[in-house]
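Trainee: So the chains spell out like this:
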Amino acid sequence: MSDELLDYPRRHYGMDHERYEWSMLQDRKPVIWPDGKPLALWINISVQHFPLSGDKPAVPPPGALTMPYPDLRHYTLRDYGNRVGIYRLLKLMAEYEANPSLAVSGALAERYPQLLKRLDQTPYEWLGHGWNMLCMHAGEVDVDTEAGWIADSRQALEQFTDRPIKGWLSPGRLQTANTPELLVKTGFTYQCDWVNDELPYTFKTTEGDMICLPSCLELDDVFVLSQNLHSEDSFAQQVIDAADLLIKEGREQGGRLLALNLHPWLVGQPHRIRTVREMLEALLVARGAAIWHASPSRIIEAAQA
Amino acid sequence: MSGSAQNAELDLYDYSAYEGRPKIEWPSGARLAFWVAPNIEFYELDAPVNPHRKPWPHPYPPVPGYSIRDYGNRVGHQRQMAVLDKYDVRGSISLSAALCEHHPEIISLCAERDWEFFSHGIYNTRYTYGLTEDQEREMIEDAMATIERAVGQRPAGYLAPALSHSNHTIDLFAEAGGRYTCDLFHDDQPTWVKTRSGKPFVSIPYSLELNDTIAYVVQKMEPRRYGEIIRRAFDQLYAEGAESGTVMCIPTHNYQVSCPHRLRAFEEALEYITGHSDVWVTTGREIAEYSLSYLQEQIGGGAESAK
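The listed protein sequences derive, respectively, from chains A and B.
Read left to right, the first sequence gives residues 1 to 305 (our numbering).
Read left to right, the second sequence gives residues 1001 to 1307 (our numbering).
None of these hints come from the bench; they were simulated from the model.
The reader is advised that the hints may include incorrect statements.
To be verified - The list that follows gives simulated cross-link-like pairs (lysine-lysine, DSS-like), each with its CA atoms no further than 30 Å apart: (1) B:K1220 x B:K1086; (2) A:K56 x B:K1220; (3) A:K248 x B:K1086; (4) A:K29 x B:K1086; (5) B:K1054 x A:K204; (6) A:K185 x A:K117; (7) B:K1023 x B:K1220; (8) B:K1054 x A:K56.
What the hints assert, rightly or not - Reference excerpt, derived from the structure (chain A facing chain B, CB under 7 Å, subset only): (9) R11; (10) Q114; (11) E218.
Glycine included, C-beta positions come from ideal geometry on N, C-alpha and C.
Here chain A stands alone, though its shape is the one from the complex:
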């Protein structure tokens, strides 16, 4: 066997790469959120287009079509999110005066302008979310191709809104070796794909620094409900347990962040939407005094203050 298996060129202090500095959450200067609240809440809604295609990406995203073409069953179940689920979620968010961000597939601007116009009527921050759920930023994607996906995603969304688009969430939270540089070159100032922390931190690229605002895979609705097959009630319980632990830590140690990611095609279903209501009730009403609910850009600003 080759000696390479016992060769350790990056065995030294800190990380084994150049993307960010090593540090532990508990050792950093405490973050203070507005009004001294112990916990910041970021809710993101991922509004996604899964093309009806027999093409299989090298790394399929959660929720990818799986059946032989035409996989009408999964295609339409995902499209349900853009026709029904998102409107259910928007109504609920408005009712609770929530402030989610919206990560939107660029292709939806071409397909469903009515939906994009409706999203522009909300006060919510938008994030780039790739072109569609087949254009996966993973592995050996040609750098020009990937640059095109990122630029097209931004331009498509900008046709429908004047709000600044600063943040990026990759389909499936995947990245190629080039993604961070391409994001900075395309004007994104933060990305949410690395789930390695509970507070924003500086992420280095050869095009300049950006921020990583870590999303949370482990409490993502698709991960909990669709991949782990947990019940809706357990999902709500897990979110509430997380909030309670983080509120306690936030009071004792410094501000904490709870990041939730929701998919209209999943929790927008009639038997699941009440779980979102239960979460909003528990977080924004019952624990409202302890939770600062804000857009991702505001959370990043406050964390850096």
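Given chain A, put chain B in place with the hints provided.
Mentor: Below, chain B alone, put in the same frame as chain A:
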């Protein structure tokens, strides 16, 4: 490959039925020896590819797998430490030795608490598969020496990196001065392990069934159910421990158990276990040393294995 047969039954231990064994008497008459084994690991972003096992399911850079494991180091360890401190549990660390170099701050926090460090290889992205016997000996010694330099004590235990083994793993670890293995899941009590050198060596139960990563990633459990299965396992082993001492281990990974939606289940289980009398809350090394002394007396394993 090392030239060893790839289909040989390994003669690791003698068969012993759970009924009718000599009685195990733990210190102070405890029924059950309880230990918690936090895995403190480093996974490489860009590990060399071992033809026998891929380090990551995703192509480079494997952001999903790498970043959640890094979360364990950046966020999880101190969160779990606070809970273990609260219940006076000393961790027995299953340690990727290179973490002594990457993240010495974590090592210091464990050392301050008088926790045990045992070897879990160099990186959890470097497997035993395909190494020659000499290469594996080098890797085992490198890990032992690295940990000894960092903490001042040579590890007594081994959990092979990512549970990857060769035919020689246990022999080599015993020859390097090791005293116990966590790699065998055949029993709820310590077992004398036969090694080619005949050195006293014991298997200490380290439960895969209660391992948080098996529970959460493989079995996809809801957090509260994980807490429930830990309590059920404890109830059974505690009851049986009235007749002869048993061992219970909770192996953890802080990218799983210390996620904010999961830690409560672990804490409630710890509260339940440590709320019982006659529980010996201890470390892997202490169970191993105690077991080796009685096993040598009780079953004469030392004499048999030394041939």
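Trainee: State for each hint whether it applies.
Mentor: A quick look at each hint next to the structure:
For the proposed pair K1220 of chain B and K1086 of chain B, the alpha carbon gap of about 28 Å is at most 30 Å, so the pair holds. Simply put, K56 of chain A and K1220 of chain B have alpha-carbon atoms about 26 Å apart, close enough for the 30 Å limit, and the pair holds. Taken as a hint, the K248 of chain A and K1086 of chain B pair is honoured in the structure, with Cα atoms around 15 Å apart against an allowance of 30 Å. Distance restraint check for K29 of chain A and K1086 of chain B: the Cα-Cα separation of roughly 24 Å lies within the 30 Å cut-off, and the hinted pair is therefore satisfied.
As the CA atoms of K1054 of chain B and K204 of chain A are separated by approximately 27 Å, the hinted pair is consistent with the 30 Å bound. Proposed proximity of K185 of chain A and K117 of chain A is supported: the alpha carbons are some 27 Å apart, at most 30 Å. Restraint check for K1023 of chain B and K1220 of chain B: not satisfied, since their Cα atoms lie roughly 37 Å apart, outside the 30 Å limit. Restraint check for K1054 of chain B and K56 of chain A: satisfied, since their Cα atoms lie roughly 21 Å apart, inside the 30 Å limit.
For R11 of chain A, the interface hint holds, the least distance from its beta-carbon to any beta-carbon of chain B being 5 Å, beneath 7 Å. For the restraint placing Q114 of chain A at the interface with chain B, the shortest Cβ-Cβ distance is roughly 34 Å, beyond the 7 Å limit, so the hint is violated. With a cut of 7 Å, the hint placing E218 of chain A at the interface with chain B holds, because the nearest CB-to-CB distance is about 5 Å.
Comparing the model with each numbered hint stated earlier shows that hints 7 and 10 do not hold.
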